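Trainee: Sequence:
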Amino acid sequence: MKMRRSGFTLVELLVVIAIIGVLIALLLPAVQQAREAARRSQCINNLKQHGLALHNFHDTFGRFPPGTTNNLAPFGTATSRRWGTGWMVHILPYVELGNVYDIIDFSEHWNGGSVSDACGVDAGSPIFKIYECPSASLSQELGNDSVKTMIADYISIAGVVDGFAGITATNQNDTDNGVSGLNGVLYYNSRTTFASITDGSSNTMAVSEVGAWLKDSSGNKRDYRSVQYGFNMGTIGLNDNTTNLPGSGSTEGRAFNTTTLRYAINQIEPFSGSCSSEGVCGNYGNNSPLRSDHPGGVNALFADGSIHFLPETIDLPTFGNLGARNDGNVVSLP
464 MKMRRSGFTL VELLVVIAII GVLIALLLPA VQQAREAARR SQCINNLKQH
514 GLALHNFHDT FGRFPPGTTN NLAPFGTATS RRWGTGWMVH ILPYVELGNV
564 YDIIDFSEHW NGGSVSDACG VDAGSPIFKI YECPSASLSQ ELGNDSVKTM
614 IADYISIAGV VDGFAGITAT NQNDTDNGVS GLNGVLYYNS RTTFASITDG
664 SSNTMAVSEV GAWLKDSSGN KRDYRSVQYG FNMGTIGLND NTTNLPGSGS
714 TEGRAFNTTT LRYAINQIEP FSGSCSSEGV CGNYGNNSPL RSDHPGGVNA
764 LFADGSIHFL PETIDLPTFG NLGARNDGNV VSLP
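So for the sequence shown, the working numbering puts the first residue at 464; every next one is plus one.
Check each hint, because a few of them may be wrong.
[To be verified] Calculated cross-link-like contacts (lysine-lysine; reagent style BS3-like; alpha-carbon spacing at most 27 Å): (1) Lys592 x Lys684; (2) Lys611 x Lys684; (3) Lys511 x Lys592.
Treat the hints as calculated values from the structure; they're not laboratory data. Only a predicted model underlies this, so the values are computations on that prediction, with no experimental measurement involved.
Please construct the entire structure, taking both the sequences and the accompanying hints into account.
Mentor: Written out as structure tokens, the structure reads:
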């Protein structure tokens, strides 16, 4: 008599499926953590490249580039004041994008024809990986102007707001668009040198991250980065082209691609979204909070070129002091 081959019973099959499910549940977090570690490593490497570029710029010109500026001299070549460029444009030759930089005409508006030819819609709106954090949920977004240049996940530190965590900041621009600091490394029309960073370059932030969502007062996700018009966007400022920005009654105090510390790390809500003096909205972000999709904090580039992970639980006075180059408060990193 021929014996029938026995198979799995239903119970046995369910047990095997359950075991496989448990193994997957145990392995999945480890896989996700490994992937995030790789993404975070790339993000850190981007910041290291920014640091090298800033140092090479300093070696060439004897100062760091401006955080943001208009198109007048000394950083532009125009004779009529218009919106200019930001720090990420000025370091293009030092991040192996000199071919892009060479196309840009610095007498033009921030979104002029040469910008479109170099890095906008006429060039296919390229995504420069050096300005994109792989962990960022907002990566590969394009600016909301017709030129369509990429929006970056990184931002320069213009300083810290007077009164933040009890810190005194004597120099700042109080505008209808938020507070724009003058005590950081990369601010409006800045000409910062290593010598002027009297708190020490290892104790002063230069660049950090903004590649995560914020929420408005209704709980809706908002892309409130200070980079809404693309990484190339600067400021319009005033005709005297000093470090002064227009005050009340003007929307020309917007300082794109920079932020002045005013809120805690990863403070994502609630913001009114009304483009008020709180400095956080869709059309500008003088005080856009530092934030990222890395668990628990943000990466930050310091003026000496070092990279540190700043936890969202950092002591606020310490955090604020790290944003100022010359407040006399030398702090220990967490």
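Trainee: For the pair we were handed, Lys611 and Lys684, check the Cα-Cα distance against 27 Å.
Mentor: Holds - the C-alpha atoms of Lys684 and Lys611 are around 22 Å apart, at most 27 Å.
Trainee: Are the Cα positions of Lys511 and Lys592 separated by 27 Å at most?
Mentor: 13 Å, holds
Trainee: Holds or violated: Lys592 with Lys684, Cα cutoff 27 Å?
Mentor: Within the cut-off at roughly 24 Å; holds.
Checked against the numbered hints given earlier, this structure breaks none of them.
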